[in-house]
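4 protein chains.
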Amino acid sequence: MIQADRSARFAHKENTADNMLEDYRAIRKDSETLCAPLAVEEYVIQAMPDVSPPKWHLAHTTWFFENFLLVPYLKSYRVFHERCGYLFNSYYETVGTFFPRAQRGLLARPTVEDIYRYRAYVDQAMGELLVDPPASDWDDIALRLVLGLNHEQQHQELLLTDIKYNFAVNPLRLAYRPVENPKAPEAPAPEWLEYAGGLKEIGHTGSGFAYDNETPRHNTYLRDYRLASRLVTNGEYLEFIEAGGYRRPDLWLSDGWAAVKQRGWRAPLYWEVVEGEWWLMTLAGMRRLDRNEPVCHVSFYEADAYARFRGKRLPSEAEWECTASRCAIRGNFRESGRYHPAAVSGMEESGIAQIFGDVWEWTQSTYAPYPGFKPLAGSLGEYNGKFMCNQMTLRGGSCATPQSHIRATYRNFFYPPDRWQFSGIRLAEDAS
Amino acid sequence: MIQADRSARFAHKENTADNMLEDYRAIRKDSETLCAPLAVEEYVIQAMPDVSPPKWHLAHTTWFFENFLLVPYLKSYRVFHERCGYLFNSYYETVGTFFPRAQRGLLARPTVEDIYRYRAYVDQAMGELLVDPPASDWDDIALRLVLGLNHEQQHQELLLTDIKYNFAVNPLRLAYRPVENPKAPEAPAPEWLEYAGGLKEIGHTGSGFAYDNETPRHNTYLRDYRLASRLVTNGEYLEFIEAGGYRRPDLWLSDGWAAVKQRGWRAPLYWEVVEGEWWLMTLAGMRRLDRNEPVCHVSFYEADAYARFRGKRLPSEAEWECTASRCAIRGNFRESGRYHPAAVSGMEESGIAQIFGDVWEWTQSTYAPYPGFKPLAGSLGEYNGKFMCNQMTLRGGSCATPQSHIRATYRNFFYPPDRWQFSGIRLAEDAS
Amino acid sequence: MIQADRSARFAHKENTADNMLEDYRAIRKDSETLCAPLAVEEYVIQAMPDVSPPKWHLAHTTWFFENFLLVPYLKSYRVFHERCGYLFNSYYETVGTFFPRAQRGLLARPTVEDIYRYRAYVDQAMGELLVDPPASDWDDIALRLVLGLNHEQQHQELLLTDIKYNFAVNPLRLAYRPVENPKAPEAPAPEWLEYAGGLKEIGHTGSGFAYDNETPRHNTYLRDYRLASRLVTNGEYLEFIEAGGYRRPDLWLSDGWAAVKQRGWRAPLYWEVVEGEWWLMTLAGMRRLDRNEPVCHVSFYEADAYARFRGKRLPSEAEWECTASRCAIRGNFRESGRYHPAAVSGMEESGIAQIFGDVWEWTQSTYAPYPGFKPLAGSLGEYNGKFMCNQMTLRGGSCATPQSHIRATYRNFFYPPDRWQFSGIRLAEDAS
Amino acid sequence: MIQADRSARFAHKENTADNMLEDYRAIRKDSETLCAPLAVEEYVIQAMPDVSPPKWHLAHTTWFFENFLLVPYLKSYRVFHERCGYLFNSYYETVGTFFPRAQRGLLARPTVEDIYRYRAYVDQAMGELLVDPPASDWDDIALRLVLGLNHEQQHQELLLTDIKYNFAVNPLRLAYRPVENPKAPEAPAPEWLEYAGGLKEIGHTGSGFAYDNETPRHNTYLRDYRLASRLVTNGEYLEFIEAGGYRRPDLWLSDGWAAVKQRGWRAPLYWEVVEGEWWLMTLAGMRRLDRNEPVCHVSFYEADAYARFRGKRLPSEAEWECTASRCAIRGNFRESGRYHPAAVSGMEESGIAQIFGDVWEWTQSTYAPYPGFKPLAGSLGEYNGKFMCNQMTLRGGSCATPQSHIRATYRNFFYPPDRWQFSGIRLAEDAS
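Protein chains in written order, with the numbering used here: chain A, 1 to 432; chain B, 1 to 432; chain C, 1 to 432; chain D, 1 to 432.
Read the hints as simulated data drawn from the structure, not as lab findings.
Take these hints with a grain of salt, some might be off.
As the list claims (entries may be wrong) - Mimicking DSBU-like on lysine-lysine, the simulated pairs with C-alpha atoms at most 30 Å apart in a straight line are:
hint, chain 1, residue 1, chain 2, residue 2
1, B, 312, C, 200
2, D, 200, A, 374
3, C, 200, B, 200
4, B, 261, C, 374
5, A, 200, A, 312
6, D, 312, D, 261
7, B, 312, B, 183
8, B, 374, C, 312
9, B, 261, D, 261
This is chain A alone, in the form it adopts within the complex:
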């Protein structure tokens, strides 16, 4: 029985080739299911450089398997089309040149149908590879396969965030998928949960899959700290707006204040005044602002300014991880089908709510290599390492994250002004 080292991941199964093929098929199918509500036209567009057309996501994730698994490990494999590498490589400079990111929405062809054929072609070949994988390469194959599946899950989250952005620029304000989001119950006042500091270990422990950026596990020293027992709500954030938060430079980082002025921010992304009232654009269409839901689609700058407005701060990623590592991975994930953060509905045993799911929580930590960090060898070393500059770390997953994808050590990262992800705020403070 062939089994992979350090890659056990999905559904706590053994990493046999059979199990992994099953995972492969399930995850690949998820991507297509997410796209099922789209018209052909909606696969094509790219409403800003940071988002990609849905059909590009479908093709790029396929190219990942083609390029990193089929070409090196399946002898009989012939690439689907010689230009797929150029068109669907995202940013692997060491693999070759690639089409400019900001222009992905200018490509009508390959068509959506072509891309589904590309997927079927690669899936067929992946089946062949996994039916009888070469034993001598199995460790590598299994590692790359699990990476490829996690990669596809990341793009599933991006599919949702990018579709949302694309839909929101359209003045018709249509719904991607209507869903009933019932009015939320009153959010309880946040409590301040205290955690003891000291010398702590954070980072991935070695069992199960993790990205290279979560390693190595290492010591870090924390002071005693407190975390809010739940996320900041729309209602609380509205107080910040109504108190002139977007007009008070003293609340903002210098670069944040420049962003407010240059981009004309007056509220989170997707907030809109309709006949004197706040509404939000959601994946289910326009929805009246619910004060009890977590605030979402804020930038790091807004999260930081909000915290200062409250006399608090954002958690460091080490603080967040030390607390989250004691919590069960439960929450409002993609599987709920809401695709929207939900109001708190009761504390966990751990006393802290919404630590996983709902919204990615901005931390005060920059996305930097852990001490002793070594990227993966070869082109896959470009996966994470080269982005470790100018970005901030976010933790905990969102309502667009598959539950099986998240863990306490997981590090997501975006630039401080980015707002199109499901990103929100949990407050922290020093305990002493």
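Guided by the hints, dock chains B, C and D onto chain A, whose structure is given.
For chains B, C and D alone, kept in the frame of chain A given last:
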């Protein structure tokens, strides 16, 4: 019998409502025929701000009839969708706000299917209007209808130029519609045909349709002049390139030289070196450069620099019109189905070749109001007049122009650096 | 006695070398007199790319004589510094490379003192050249000398407009030179003076100096037209503002409306609301708006929109010239020392006021070559010809123009959005 | 005896008002001495937005004392000019609006002479304040005074870096102050000095002046590490260039590679090829590249890429500080008068060379608040805290830093692409 004043136009027919409905149906069908080769995805994209997505062209021309004919004159008419005005108004500020031009390619919806339904809906209503038009409004209706049909023909040309641009940015370099363009015979040396100057009349005479910008007919004084008997060829233009034309500032207007440096021009648009040889992107895909075909897709700046390189100049629009008004409207138009300029194939009786069709000929004249010019009343006054600044006039139509659309007095206009139209060069010189 | 052909110019003197040296010294001194009020720091700055630092003007005009006269014609001449060509060539591509225009304000050195030494050095050498000019070259020398002196006068006007711009960006709003501008008398209502059209000649006649762009004299056909008997006043323009002129797209050319929105125009340049009242920045410092003075510092777009607001139009340059050629060259020029347009103070015999001086009058004519235009040979051919694209012609000179510099055939030219020149509006209309 | 708490700083003197006035005078004089070689014109210009005109530095530092000391604490004080606050406030949003940073070079006035008068006026008043300071405010006064003096020293370093930049854009490549920099001896091969990790304390201890960003002193956990015994030299960096370092994306952070392409970097700032050889622009003018001198004027991106090229990394700021805190503050500072980094000239007792002076050393640490960081109260809280985003920390001071200004806990910070500071590279690696 109801008949319109000053709008007789197509196929020399009388402007009865019946005849005009027939024209309407034929011209509306042409637009759809032009789009028939497109995949759904190809209707959506906009590869630069100057081009529009094909589906936008289909919808905008439809909105023109809806807004300027159905809404005012068909009592029973209900608009297809309340947002069509916002989405498909191009630039009529006095009609209302409109969606930003540069972002038309960000709109997945309305879908292509929606837009074909929009067309059918409006066509149906136009049929109703024309079956029994209100006699008291017939003059206005007929005038607006002919304008709308000419407008749709203009967008048919844009459909071809925009599709070409969209296809050309795609690294797959696919063909819109394959067509055999046989190798051209050797182009004869150009002759210099001399025309006497003096006090001349130019502008539209009053019979048949013309745009307001062709009026009023007026006196202008010309010196004796000569025109080249044919268009400049690729081979001749290649001599300019090989003589360092794109590296010699003395050949260029100051703004032209700035454009060369800023945009990195080294050859006309769509010229590309493939393995050491020049190829062109065409609507039939990549094609090896043919030295005998007219040079095409040059800007005014390039046309002007080329003329200076030869010690010549471009014709003024008055010179061009005085000569063209004696020529039959024959040539390589859209109807040939080549969608590409053709090498000269014999002189006309008039001794001058290619005066109509093949490529729009840049003149040295800016697009300015004729003496005594009055724009149309109301919103339709925005059709032409407000663009009379910063643009140059082009004359004669191209291989993408319907034959019934062109005439000797027709004034087309683009900005000096524009290159995506089928625009080329005829040389002129003073006779004395 | 050596005498030049076609260059007699200043004060109706013969172009003997002695007379011309006298002119040379007078005009060169004028430039320095204009700069006398400046602090060293004020010679250095460049508040936008279109303006140049005063010290650059002083040096560039000097380089003109060095490069076009001393180097070719004074055998013993040694250039002042090998880098002056690179630093002070403005745009003569055929002479060599030059320092980027937009960065002239980044050069602290050569210092102001260096540049005055450069001027003295060149003036000394020019004296040598003109004491005993080589007879065989005299025609060329005289021609270039007169051109150089007219060139220096052009830069004298630019010195004033650029100094004004530089002073106006400074929040201290200081005066360049205080002057008493008494409150103007009530402006009389404009009359509409009618002029017969027909076949007319415009352009320079051949006696006295003119730029190449004023030649050749040629026929043009005019319809009967009317001109307003005086310039548009601040008070009249204020009515346009108060009627929402800057918010009504129907009044504007398409490119003009884009400029209004992009640049946030709400009034002419240098207009400012101070405690609820309109003030203007002038070369004498801040001054309360006087309703009777001519409106100034408007772009072509504003002039055109204003004319449309009044149901009028701008004159063509041929109309303007035909009328002006019958008028005496009198008016409010630089010599008045006001450096500001003055309210009308009585009609001329010709019945039309302010035709020369006060403000350059925007015409509806683009700056284009006259029929048969030939630029000067060699590098001096770059003086005018290469700018004949994208600009509009202005006529009549301004309060910053030396009286000896202007004439009825004189063509000035700027881009449609330019506002920092003393540019204003005279209305016209068709007579029939 | 009045004495200040936590502000003892210069020359280990007691913070009596007398001593502090002496320091004040000395440091204020230093700024003027640094400007002594400048021509008036050189005080005015701003060759890019990041640099400021020298006269602005002289005025801004003066405004700091006026605004933060004289206005609140010297009753009789009248501000020098009401607009100084607007013109010379740098970025204190809570103090009031300020003139845009990027346009400081557009202000001719106040003149250099005005600004020296401003300095004298404020210095006079500061003398009055310090002769008899109000006892009740002395702690505040002393704190602000020491802050103001350190602030002025920071601007003294900026004076040198900004003057260098301004001089370098001038094609004349003049020297600010000629100085003999003798050819350096051969640099010894770097040794790898090992330091034990563990739980360490970093940050300011509480005696002597420090900026708020150096506090609070706190625990941090380090792994064992090694530092190179000297800085990277020009010769070593040249190997990186010659090995294609600027053409190999695998060596660069993603944002760094984007910067290389967009800015066209091919070598450090101020490197220039002259007739086939590398030269550097220095404050003493052009100088042939010396392979033994430390490389300087590299961005963080270049430092990081160079480290990767060598299989090493940059030190963290905690590693750097733990090592530096054992080293004497000796080195090539501003006082040497060279204003240029010097080749290593012998190890310190500590075994590590060039830890202070020569060049600021880029660390791998982002500029972030220390755990428990509290900014100063009031407007002075804007001094450091609001910049704690998107910047990297640099350590150790440079050849432009006054020796009395630097310490082991000192944190400097610039954006990753910044190159105009004296910034260089020390390599580090993990010990295990």
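Evaluated hints:
For the proposed pair residue 312 (chain B) and residue 200 (chain C), the alpha carbon gap of about 27 Å is at most 30 Å, so the pair holds. Note on residue 200 (chain D) and residue 374 (chain A): the hinted pairing holds, with a Cα-Cα distance of about 24 Å set against a maximum of 30 Å. Using a Cα cut-off of 30 Å, the hinted pair residue 200 (chain C) and residue 200 (chain B) holds, with the two alpha carbons roughly 14 Å apart. A C-alpha spacing of about 26 Å is found between residue 261 (chain B) and residue 374 (chain C), which places the hinted pair at or below 30 Å, so the restraint holds.
Distance hint between residue 200 (chain A) and residue 312 (chain A) is fulfilled; the C-alpha atoms sit about 23 Å from each other, no more than 30 Å. Distance hint between residue 312 (chain D) and residue 261 (chain D) is fulfilled; the C-alpha atoms sit about 24 Å from each other, no more than 30 Å. In summary, the hint linking residue 312 (chain B) to residue 183 (chain B) is supported, as the alpha carbons are separated by about 29 Å, within the 30 Å threshold. The straight-line distance between the Cα atoms of residue 374 (chain B) and residue 312 (chain C) is roughly 11 Å, inside the 30 Å bound, and the hint therefore holds.
Restraint check for residue 261 (chain B) and residue 261 (chain D): the C-alpha separation of about 18 Å stays at or below 30 Å, so the hint holds.
Of the numbered hints given earlier, the model fails none.
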